[in-house]
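Q: Using the sequences provided together with the hints, build the complete structure.
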Amino acid sequence: MIEKLMSLDRRYVFALVGLAVIIPTLLMIRFPIYVSQPTQNIYDFIEGLSEGEVVMIAFDYGPSSLAELNPMAIAVLRHCFRKRLRVIGMTLWPVGATLGDTLMREVAHEFDTTEGEDYVYLGYRPGVTNVLLQMGEDISAVFAEDYSGTPISEHPMMADVKNYNDIALVVDLAAGASVEGAWIPYTYTGYKQKIAAGVTGVIVSQLYPYLQTGQLVGLMPGLLGAAEYEKLIEQPGKGTAGMSAQSIVHLLVIVLVIVGNVAYFTTRRREQNAEVY
Amino acid sequence: MSTDIGVWIAAFLTLCIFSFLYKDNPFYKFAEHLFVGVSVGYGIVLTIHQGIIPFAWQPLKNSITGEAPLWRFFVTLIPVGVGFLFFSRLMPRYSWLIRYPIAILIGMGAGFAIPRAMETSIFEQMNGTLRPFGVINSLSAGEIIGAVLMLIGVVCTLTYFFFSVEHKGIVGGISKLGIIFLMIGFGSAFGNTVMGRVSLLIQRVDFLLGDWLGIVG
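Protein chains in written order, with the numbering used here: chain A, 1 to 277; chain B, 278 to 494.
Treat the hints loosely; a few may be bogus.
If we take Cβ atoms under 8 angstroms as the criterion, some of the chain B residues that face chain A in the derived model are [what the hints assert, rightly or not]:
#1 D281
#2 T397
#3 E401
#4 N404
#5 L407
#6 V471
#7 M472
Subject to a maximum C-alpha distance of 30 angstroms in a straight line, what follows is the list of computed DSSO-like cross-link-like pairs (lysine-lysine) [said to hold, decoys possible]:
#8 K338/B <-> K162/A
#9 K231/A <-> K194/A
#10 K300/B <-> K4/A
#11 K194/A <-> K162/A
#12 K4/A <-> K83/A
#13 K192/A <-> K83/A
Because the hints were derived from the structure by calculation, they are not lab data.
All C-beta atoms, glycine included, are put in the ideal place defined by N, C-alpha and C.
A: Following this line, the structure appears as structure tokens:
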């Protein structure tokens, strides 16, 4: 039995994980979601802003991280538009440019919003450091036109938005090192701009230190962060839907880790005993 | 079931990628190469449109056509010229010229990054670790325990990475404690990584069952 476990074809594990995702998705099982303090902090900060204040959302991710960060982006955008905040979208990732544009327009259409008055999507400019430092002085110097080619001077909402001084919060939705490698060092440290982050599960652990020091206002961890934010705005979406399958797969992984370790240590003890005799 | 050809293509490519879980095969290779090709192509085109045209081509053109003063032509030509030196790598005889743009990039990058990295990742983090002890009277019992644990964790983990002293005796004990803190950190990172990877699978399953097959809403 133990030997069989040790030589188990990994494809059985794949099949188990697949079933652990497919069955809850088909049955639409829902588990309760509890909001963590770092996500609550972002919600509270945005909730505390007055109508017309500006939030910048950076879509620093590509299609490979869309599963985790799109639900987060949708939830934050819905909150901003519901609060009648003005939203500026941009990205430091070339592959995030169209993705951010499409998403922002889709969510904006759910509300009574007008492009140029309630939201602007600036798109992408190459050169991370230069872009962030230049925006601290004059956004129009680096983004003279928005993503669709309209001069940003023609957008009424940009008339009183010159640099970070006019932006209440930057929300960086990131799949890479843009939070701790770009936004915090150049925008927070350089200009004391308030920053919140929503990141993929893979990188969230390395960002908690920045939360503890106050360099980040709040932090949304992967799909869980999206589900938490959806709960806060009372509008369930893909994040909430995915969390049940997520919990079941986590249980399965815990069981597999325990079984794998028991099998490994039992086999090792047997081998050691065999060597002694 | 979807009638959208785009959804069918996406579903086919998703299944091609998933087929790798059984074993490597031509369908997987096709989808993988397509993904890499499309990503690179998209990135290049976007960089041309969002970088080269507005920051190099347009200013040069405007200066030549008289829409902008002539001095702007030369001001723009300097960085563009330095950028072109990257292509000297393609000509072995002049490949040494690539040192100049690389030197400028490294110099600028280091100048911008080092002070901020020190501030962001060292000074602020030290401050964050020690700050609670400055206001210890106003902290709850739980917060005090948290602050002490944090300090012990930082000291022990840093000791583990201090290789100038042999890890024996007290130093060895502290560094072993550091390993425990590191393992807890790796465990947390592993759990979050599982969450991230499973999220990708959930989204694809949701796409296949919902958008493609129409089984779930």
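Q: A separate judgement is required for each hint: does it hold in the structure or not?
A: Quick rundown of the hints versus the structure:
1. D281: violated (16 angstroms)
2. T397: holds (4 angstroms)
3. E401: holds (5 angstroms)
4. N404: holds (7 angstroms)
5. L407: Interface hint status for L407/B: violated (11 angstroms vs cutoff 8 angstroms).
6. V471: This interface hint holds because 6 angstroms falls under the 8 angstroms limit.
7. M472: At 4 angstroms from the nearest chain A Cβ, M472/B passes the 8 angstroms test, so the hint holds.
8. K338/B <-> K162/A: Satisfied, since the Cα-Cα distance of roughly 27 angstroms is no more than 30 angstroms.
9. K231/A <-> K194/A: With Cα atoms ~24 angstroms apart, K231/A and K194/A stay inside 30 angstroms; holds.
10. K300/B <-> K4/A: Holds: K300/B and K4/A sit about 21 angstroms apart, inside 30 angstroms.
11. K194/A <-> K162/A: holds (16 angstroms)
12. K4/A <-> K83/A: Not satisfied, since the Cα-Cα distance of roughly 58 angstroms exceeds 30 angstroms.
13. K192/A <-> K83/A: With Cα atoms ~24 angstroms apart, K192/A and K83/A stay inside 30 angstroms; holds.
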